Each structure stands twice: as structure tokens, then as C-alpha cells.
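Q: Chain residues, written in single-letter form:
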Amino acid sequence: MLVKLFATLIEFTGKRKLEVHGPKKVRELLDELDRMFPGFKKELEKGYIILVNGKNIEHLQGLDTPLSDDDTVSIFPPAGGG
Amino acid sequence: MYGNWGRFLRVNLSTGEVKVEGYDEEFAKKWLGSRGLAIYLLLKEMDPKADPLGPENKLIITPGPLSGTSAPTGGRYNVVTKSPATGFITMANSGGYFGAELKFAGWDAIVVEGQSEKPVYIYIKDDNVEIRDASHLWGKVVSETEEAIKKEIGSKKLHIASIGPAGENLVKFAAVMNDGHRAAGRGGVGAVMGSKKLKAIAVEGSKRVPIADRQKFMLVVREKINKLRNDPVAGGGLPKYGTAVLVNIINENGLYPTRNFQTGVFEHAYEQSGEAMTAKYLIRNQPCYACPIGCGRVNKLPTVGVTEGPEYESIWALGANLGINDLASIIEANHQCDEFGLDTISTGGTLAAAMELYEKGYLTDEELGDAPPFRWGNTEVLHYYIEKIAYRKGLGDKLAEGSYRFAEMYGHPEYSMSVKKLELPAYDPRGAEGHGLGYATNNRGGCHIKNYMISPEILGYPYKMDPHDISDDKIKMLILFQDLSAIIDAAGLCLFTTFGLGADDYRDMLNAALGWDFSTEDYLKIGERIWNAERIFNLKAGLVPERDDTLPKRFLEEPMPEGPNKGHVVRLKEMLPRYYKLRGWTEDGRVPKEKAEELGIAEFL
Ligand code: SF4
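Protein chains in written order, with the working numbering: chain A, 1 to 82; chain B, 1 to 605.
In isolation and in its complexed conformation, chain A is listed as follows (with noise of 0.2 Å):
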């Protein structure tokens, strides 16, 4: 699947995209970053935004929201603006 990180993530992991295979729940994939990267779970403590193709996981199945491998996870720090 397709990972796009934003904002402060950008810099902690270095990369704006990447791919990741395996992981079957957004729990899962959070893991597997965090071993890739590792801190990223804990840069994730003061809130996050996530979103399943576009879909936001609070409305779906929060951290336990499936996932497959034509999936794109958009992973943001908590931020706002206007």
C-alpha cells in the first residue's frame, strides 16, 4: 500500500511516500513504521489524523480499520489553519 506522511513526519521519517506490504489493520501498519522508523509511534502520542483513501479512521474502524495492498494511508500530526 501506499503511505503518504506529512508535516513534522516528513522530517522525522525523511520521506514523503513510501511502500509498505503486510500489515492488515492501520494498528499494524503504525507498528511496522515504528520498527522502520522508530520513535514514529511516539510522534503520533499528541494526536494524529488518518485517513483510508481520503476516509478519516474515526468514522471507519478507528486503529483496527482493515487495510489491503491497493490501499493509500494518508498519516498526519494533529494540525490546523484556516
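Since the hints were made in silico from the structure, they are not lab data.
Careful, some of the hints might be misleading.
Derived coverage of chain A by chain B (criterion: at least 3 residues anywhere in the stretch with Cβ under 8 Å from a Cβ of chain B; other residues may be distant) [unchecked claim]:
hint	stretch
1	1-12
2	55-67
Far from chain B by the CB rule (all over 10 Å, computed), these chain A residues [said to hold, decoys possible]:
hint	residue
3	H21
4	G22
5	M36
6	G39
7	D70
8	D71
If the Cβ cut is set under 10 Å, some of the chain A residues that face chain B in the computed set are [stated by the list, open to error]:
hint	residue
9	T72
10	S74
11	F76
Here the structure is a predicted model, which is why all the values come from computation and not from measurement.
Don't be surprised by glycine CBs; every beta carbon is placed ideally from N, CA and C.
Based on the hints, put chain B with the ligand in the right spot on chain A.
A: Same frame as chain A, but now just chain B with the ligand:
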């Protein structure tokens, strides 16, 4: 009285008369100040049917009780007047330092009346007020105007609000600019200033805002500043990337309006995002007065040098909405808009409507002549037409009327993405339906600031709501946001403090400064009073709810073509009657006698 000075200036430009008027604490307890004071004066003194560009319209420039204090973001002011764009009320809000300085000079507001025959500017130094000749300033862009006045007066403390050529030429979306790049942008307040032949207001003050309990106030303020600093948005994303941090978020959520709202996904969003701008052009942040957030950007470009902005809204309006991805051109265009004194959202919205009319063949090459064609993504259009609009030259004269009137001239007003003729900001309501209801019911027309439902619907503040939920809970949240925004505006604070602060925090700061013991509900009641009073003004000005509380047909009938919101429209018809009901209004959207009595504004019905 604390917080407010209890006095304001009345300047009549027809007669040259300057008067000082006052009000008491009872009045402040009812209206708080700024946006509240302004709507009271307009309802009391002006015929809402008056011509916005005629001498009867009043231009009210007003900081709030917390402006000029150490409260976080306490530097804002409002420009309240009848809008030449909408024909209804508008309350454009701006940061920078001008609002605080006006407060230091000892004034809660300047009420500008009448019309001068020749160009003038107002110079205020504490209690001294002069109306000075501005013939030599007429025609100057904003930076030149500020520079010339500063040289003339020779004071370093001076802060200036002025108009550029757009305001002078009565462009329907001209802004009042202050401190160079800060804009009271929406609704054509710059044109009202221009119609009065008022080029600028220059202020310097030396007073300290009276605070009821200074020690307590300082403690409360410190606590709120800490809250903001520790908030991941107000203390993290906003200072780091500016408001443009939203570009990617809104685009990934599928509601970043592209090519005049034909879709909500822009393939080049990243290239114009806060992340990209920070990496490429940013040289430093620029906070407004007393602001711990500092979302303002200072960028450097080879073409225009050092310039402030653009904000998220401007990047989108001059970018994705025109199919333009080149960030350097967008920054340059934003700089031009600031110099000419144009509202960037309406400028972009009007050019976008022209582009769609061109695409559909209603606006032809023949009419354009040698001018650059209105093709999506054509950056030449930006630089060429922004200037033509400001000077009302060629086609710029028609474009200066705004997207609605422009599209109407070509027989297709439906291509104007506006509400009450005010161009919509950077969120496609098909991706946030509560936000759509906000557009439809906003007193100043298609605006996001006074009902920022993007917060709960997309960003999760104060908690996450489904963007496609249209329950009563959603509508109640919108009403709360509308009333709370009125209070934050009336207090003289920036709306971005809502990332980090809640209604109780504003209560704490206001109580400590003003010496009151109001509850949060008491303050929200003032917000509700202001909202209803503005609605009454609009109804008297000729608002027809069934015609005007609506959205462009596109959002009601054309499902979003792609992305996460594919297939969605805004179910406005299902929400609007419930909104009226929850507001305590009649079925046809009017403020009934009982509601007006409950709020103590029945005299205005
Ligand atoms: S948050 Fe931004 S706009 Fe608001 S007062 Fe601070 S710098 Fe100005």
C-alpha cells in the same frame, strides 16, 4: 469601566466634524465591544437599505476589550459596514498591530460617516485627531502609502490602515490593509473606505488599557498562553508551517476546491503546501501583536523580494482554484493583491468563475483581445488581471464587480461559487456538510471564519464529527461556533486561539480584564445577541431567506465527481429548517418577537 475605554470617535467626512462619544458599562455588558458595538450602532443609526457606497453607510473600525492587552492574540480589530458586495452586513477582521495601537490611543472605535470631496487621511495621536489632505497619496499602492505617511509624520510608533488603488476604484472586493500585508479582506470594506475618499488612518497611542485586576489577569493570561504553546496545533503545526499546513490535509480529505470547485482533489497540492513553502521560500515567522502562535509567513522570492504571506486561503484562491500549481507565482500574486488592496479569496474566486465561463465558451477570445486567455493553470492570468481589476481597466472593470455579477453578465450566475454574492473560501462543502450549512447561514455570506465547522468535521477540534453527519448535534455545534466566533471577534482576539482554547478560557480572560463574573453562558448569550442583531440588519436590508440562505447549485445538485467524497452533495434542504428552529427563528428564517425580546433587541425589529 475596564477593558473598553467607553468612548469612541465619530468622524464625519462630509462636514469635517470630529466628535467624541461614550457608553457605559451596562452597554458593554450587553454588547461586549467591537463587533457588538458596531452592529448596535449600525442598527440604531443607519437605514439598512442605504447604498453601501453612498454617504449614509458607516464604516466602523473597532478593536475589542482585549485588544492592546497581553491576552494572547490581543491585536485584532474589525471593520464593520454594509457590504457593497453582498448588500448585507460585513465584519472583516484583521491582525497585525493597528488594532492594538488604536486601543493605546484611547479609542474603542472610529465611526466614519459621510463622504469627503477630496482624498483625506485621518491622523490620530492619542486625543488629537486630524483630518489631513491625502491628494498626494491617492493612487499609491499600500506600501508606498504607508511609507509616505510615516515620512510625513516622522514617528516610529505609527501603525496605518489604508486602501490601495482597488479601494479607490470601488472594486467590490477591495480590502482595508494594515501593517503592509494584513488585510481586513472580506466584503469590500476597502471600497466603502474608498467611497468616502478616505485613503488611510494612521494611529499612535501612549495609553495602557485599563484592566480590572492586573495581577489576576496576568496569571490567567499566562495560563492560556501555556495552553496554546502546549497545543500541538497552536504551538506546533501552525507556527511551523503556517496556515498552509492545511493544503495537504484538505486535499487528502478530498475537499480542496479545484478549478472553480469542479472537483475536490488537486493533483499538484503538495507543491503549494505549507511543507513545500517552508522548505523553499520561508525566511521567518511573523506574529501579530501579542501572539504566541505566529502563523504569519515571511517569504523571499527573486521577483518581489521579501514579502508576507500567503495564507492557506490565498494559496488556494490564487492556486488550485485556478488550476495553478506554481507556488512562486502564487506568492507573487498574493503580494500584488496586498499592494493593490484586494481580497485574495474573492480575487481568485472571480478569476475562477471567468475561467469556467471561458472553458464553457461563454467568454470568448474575441472579447479578451490581446489579454492572456483564461485557461486553467495559466499563471499569466494572475499578474495581468490582478492589476486590471485594481484599476478597473478593460475586462478588469467587469471582473471588479465580483464573480456573481460577472457571471451574471454572461448569463450564467451559477458559475459563481458564492453565497450572498461573496466568493466561497477553500473548502468544498460536499466534503463537510455542516460547513456548507455554515456558508449558507453566515451573516456576511460565503465565509468560513464565523462558522469554522472544518474544525470538528475534518480536524477533530474539539472532537471529531463525521463530515457527512447532518444530525441536530451537528447543527447545534454550528450554532455554538457562530455565537462563539462573535464573542472572540467582539473581544478582539484571533480565531486561531480556538485551537487550544475553549469557551471557558475566553470567559476567564474577559472576566479578569473586565472585572465581571459572567458565566460562559452569559458570554455566549452576547454572541447570540450579536448574531441575531446582524440577522435583523440583513432582513431589513432586504435579505430573503428562501432565496439567500443557500449554496451554489453545484453543491446541491452535482455530486462530487471523485475522491473520498465522491457522490456526495450538500443536503441543505434537510438541515436548514432545523437550523432555523434550533436558532429559535420562524419557519421562514426570521427573528421572531419572542427571540428578540429574550435577547433584549426587540427595539430593532
Ligand atoms: S495566530 Fe496568526 S493570524 Fe492569529 S494573531 Fe497569531 S499570527 Fe496573527
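Q: Minimum C-beta separation from A/D71 to chain B exceeding 10 Å: can you confirm that?
A: Correct as stated: the minimum Cβ-Cβ distance to chain B is 12 Å, above 10 Å.
Q: Tell me if A/S74 is really an interface residue toward chain B, meaning its C-beta lies closer than 10 Å to one of theirs.
A: holds (4 Å)
Q: Quick one, is the A/F76 hint okay against chain B at 10 Å, beta carbons?
A: Holds - the Cβ of A/F76 comes within 10 Å of chain B, reaching about 6 Å at its closest.
Q: If you look at each residue in the stretch 1-12 of chain A, do at least three have a Cβ nearer than 8 Å to any Cβ of chain B?
A: Held - the stretch 1-12 of chain A has 5 residues with a Cβ nearer than 8 Å to chain B, which meets the minimum of three.
Q: Is A/H21 truly not at the interface, in the sense that its beta carbon sits beyond 10 Å from all beta carbons of chain B?
A: holds (21 Å)
Q: Non-interface claim for A/G39: all C-beta distances to chain B beyond 10 Å?
A: holds (16 Å)
Q: Since A/D70 was said not to touch the interface, does its Cβ keep a gap of more than 10 Å from each Cβ of chain B?
A: holds (15 Å)
Q: Given A/T72 as an interface hint, is the shortest Cβ-Cβ distance to chain B below 10 Å?
A: holds (9 Å)
Q: So is the stretch 55-67 of chain A in contact with chain B by the C-beta rule, three or more residues under 8 Å, or is the coverage claim wrong?
A: holds (count 4)
Q: Checking the smallest CB distance to chain B, is A/M36 really beyond 10 Å?
A: holds (20 Å)
Q: Hey, is A/G22 genuinely clear of chain B, shortest beta carbon separation above 10 Å?
A: The claim stands: A/G22 keeps its Cβ more than 10 Å from every Cβ of chain B (closest is about 23 Å).
Of the numbered hints listed earlier, not one is contradicted by the structure.
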